[in-house]
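Residue numbers (the numbering used here), protein chains in the order written: chain A, 10 to 352; chain B, 10 to 352.
Don't read these hints as lab results, they were simulated from the structure. The structure displayed is predicted, hence computed values, not measured ones. Where hints are given, some of them may not hold.
Any copy will do: because identical chains look the same in the list, a pair fits if it lies in one copy or spans two.
Distance condition first, Cα-Cα at most 30 Å in a straight line; then the derived DSSO-like pairs of lysine-lysine [said to hold, decoys possible]:
(1) LYS260 to LYS290
(2) LYS311 to LYS196
(3) LYS196 to LYS123
(4) LYS86 to LYS123
(5) LYS53 to LYS291
(6) LYS143 to LYS259
(7) LYS159 to LYS300
(8) LYS335 to LYS300
(9) LYS260 to LYS283
(10) LYS311 to LYS291
(11) LYS37 to LYS283
(12) LYS36 to LYS291
(13) LYS36 to LYS54
(14) LYS36 to LYS72
(15) LYS196 to LYS290
(16) LYS300 to LYS196
(17) LYS86 to LYS12
(18) LYS87 to LYS196
(19) LYS37 to LYS311
(20) LYS86 to LYS196
Protein chains: 2
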Amino acid sequence: MLKIVVDCFGGDNSPIANIEGALEALKKDDGFIAVLAGDEEIIKKHLANYQYDASRVEFLDAKEVITCEEQPTEAVKKKPDSSLVKGCLALGEDADAFVSTGSTGALLVGCTLKVGRIRGVSRPALLPTLPTLKGGEVVMLDVGANADCKPLNLFHFALMGSVYASEVLGIENPRVALLSNGTEDAKGNELIKQVNYAFRHSPSINFVGNIEARDIISGDCDVVVTDGFTGNVAIKSMEGISGGIFATLKKSISHSLLAKIGALLMKKSLMEVKNTLDYNKKGGAVFIGAKKVVVKAHGSSKASAITASILQAKRACQNNIVDVIKDKIANTPVPPFSAEENA
Amino acid sequence: MLKIVVDCFGGDNSPIANIEGALEALKKDDGFIAVLAGDEEIIKKHLANYQYDASRVEFLDAKEVITCEEQPTEAVKKKPDSSLVKGCLALGEDADAFVSTGSTGALLVGCTLKVGRIRGVSRPALLPTLPTLKGGEVVMLDVGANADCKPLNLFHFALMGSVYASEVLGIENPRVALLSNGTEDAKGNELIKQVNYAFRHSPSINFVGNIEARDIISGDCDVVVTDGFTGNVAIKSMEGISGGIFATLKKSISHSLLAKIGALLMKKSLMEVKNTLDYNKKGGAVFIGAKKVVVKAHGSSKASAITASILQAKRACQNNIVDVIKDKIANTPVPPFSAEENA
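With the rest of the complex left out, here is chain A (with noise of 0.2 Å):
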């Protein structure tokens, strides 16, 4: 049976939420077994108050936590015996898959350190899966694995974004765009130029051109490709406007009973629109191209957010994502990344 490791500890709702989201998932899902990562006691204690299928769920007893303040390298090394370094450790051993609420610096470094990347994958990126407008779908990739990218890099991003928008996502045939400041082929910095020549003389990418910023999430698309620090400053951009319309409107809310009365009767449609764009309810980003399926949940999840992680772990586990990436990248030639190179 596939057996995912729970990182319990790093998060701000952590342990119980990690707990919970745990053994929420277990209900939801029988094919995995859950190792819950983290201080053995401590968790125990906290599962005395649930009911739950004890032959599904191991222990990996760590007596250290890593924070987010720590600088990654430095408390990878330092601490050995942290819930996350020991996760990125069972990776290497018979685990098939890991969910952390951890620092996403110290994830990346442990996984890069102890799990690695497939062969052949020049970097593997971090890839969050976010709603559209339409309703549907759409990953993009990296949002912060790798602030300086070579345009191969971002061919293999095509490449691994559109094998989990097909084996996990279920799309068919997904449709990629490269993320630009503007939509025509001529635009873009030197590296976005290069990279759409190549998805250009690329058959094996279904490439629908550049796009904006403005239409990440338009539903136009179904997989965004973009260097990691680029990635990084349009989600967190987004992150940021979405935050603060909420935060004015409910400051502005506070001064009027009119309008008081006005959101409870439209509390609804305002949770709807808050849940439409949150993107932490659609699971964690994917740390795609390590060897092992390892998902990073955002720091403030909830334990429903952690359930969706693990869920999209199994998800990944069992449709192969390893694998299938491992052949993709193997078989699909290489672009050439200009027209001087192409003669």
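Go by the hints and put chain B onto chain A.
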């Protein structure tokens, strides 16, 4: 008296909104003459519907219009009789400023060819003024003039942004932040790491550190420095999500009578939020570093946004922004961009 050329053609609501915006600006500020650029016959026909001080209105007849669909460099070359090109040319003569709702690309090309940059400025940049969640204003540059930037360009952006924030917005000793994928100095791509080093070593910049994209509009800084590719992605991400939220809300409300009533009661608050975050209300984006004041108002600008852009151009002229930038660039030593360079 100052002469401000107003491009009456090229925006979604042109020429009427542009003409109305200009007349309103004339009413609000008696310190300038408006030169209306575009087909004189058509403009005069519209003007017949308004009362205004004819002694402060001049005309710059131009029969052609450059559209946003045209390739900028070609369009500028092929349409010398367009309001956009003639407006740029007027800046080479006695006009002090140019406000346009036309094609951003064509305006940048036109300015670069016909107006030129301030001596010493390595690259002019597009600078919009954004509203902050604290009720203030923040400027960001570059949001699209330069897709590929060198560290020196961003150093000049910081100086020009600081001058703009202090001279036009009246912010004393503006706080400069560098857009990155994390707040720590070590974060960022290669470009940003070099610029961070330079900002830390320049006493002329009131550097408050790196910021993440979610904090652009937090109100914790006055000038956000970024390259034109990343800045474009950031601003369009914000636009996209903000438009998406209101569209989703509208759709959700349409399904429920209670929610509709709620929305009516909340109307003031909803409008307040929309207005708070609508950066077009703050005027247009300044093409800063050009030899004359050039303001690009949003293509969808209504009369009020055009009025705001004209008054913004007026303030920039009145405060001699071009001369202040020239002096600032000439008198500020360029800091080292790395420890090696500093050794």
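To see whether the hints hold, each was checked on the structure:
Proximity of LYS260 to LYS290 under the C-alpha cut-off of 30 Å is found in both arrangements, the shortest distances being 25 Å within a copy and 21 Å between copies. Taking the shortest Cα distances, LYS311 and LYS196 sit within 30 Å of each other only across copies (28 Å), while inside one copy they are farther apart (40 Å). In this assembly of identical chains, the alpha carbons of LYS196 and LYS123 lie at most 30 Å apart only when taken from different copies (23 Å versus 39 Å within one copy). Taking the shortest alpha-carbon separations for LYS86 and LYS123, only the intra-copy value of 11 Å comes in at or below 30 Å, while the best inter-copy value is 58 Å.
Proximity of LYS53 and LYS291 under a CA criterion of 30 Å is satisfied intra-copy only: 28 Å inside one chain copy versus 57 Å between copies. In the homo-oligomer, the alpha carbons of LYS143 and LYS259 lie at most 30 Å apart both inside one protomer (26 Å) and across protomers (14 Å), since each shortest distance falls under that limit. When the C-alpha separation of LYS159 and LYS300 is checked against a cutoff of 30 Å, the pair qualifies only within one copy, where the shortest distance is 21 Å, while the shortest distance between copies is 36 Å. In this assembly of identical chains, the alpha carbons of LYS335 and LYS300 lie at most 30 Å apart only when taken from the same copy (9 Å versus 55 Å across copies).
For a Cα distance limit of 30 Å, the shortest separation of LYS260 from LYS283 qualifies both inside one copy, at 17 Å, and across copies, at 13 Å. For a Cα distance limit of 30 Å, the shortest separation of LYS311 from LYS291 inside one copy, 12 Å, qualifies, whereas the shortest one across copies, 38 Å, does not. In this assembly of identical chains, LYS37 and LYS283 lie within 30 Å of each other by CA distance solely inside one copy; the values are 24 Å within and 41 Å between copies. With identical chains, the CA atoms of LYS36 and LYS291 are at most 30 Å apart within one copy only, with a shortest distance of 18 Å there and 53 Å across copies.
Taking the shortest alpha-carbon separations for LYS36 and LYS54, only the intra-copy value of 20 Å comes in at or below 30 Å, while the best inter-copy value is 73 Å. In this assembly of identical chains, the alpha carbons of LYS36 and LYS72 lie at most 30 Å apart only when taken from the same copy (27 Å versus 71 Å across copies). When the C-alpha separation of LYS196 and LYS290 is checked against a cutoff of 30 Å, the pair qualifies only between copies, where the shortest distance is 28 Å, while the shortest distance within a copy is 34 Å. For a Cα distance limit of 30 Å, the shortest separation of LYS300 from LYS196 across copies, 26 Å, qualifies, whereas the shortest one inside one copy, 35 Å, does not.
Within a single copy, LYS86 and LYS12 get their C-alpha atoms as close as 25 Å, which meets the 30 Å cut-off; across copies the closest is 65 Å, which misses it. For a Cα distance limit of 30 Å, the shortest separation of LYS87 from LYS196 across copies, 21 Å, qualifies, whereas the shortest one inside one copy, 45 Å, does not. In this homomeric assembly, LYS37 and LYS311 come within 30 Å of each other (Cα to Cα) only inside a single copy, at 17 Å, whereas the closest approach across copies is 53 Å. Taking CA atoms no more than 30 Å apart as the test, LYS86 paired with LYS196 passes between copies only; the shortest distance there is 19 Å, against 42 Å inside one copy.
When the structure is compared with the earlier hints, no violation turns up for any of them.
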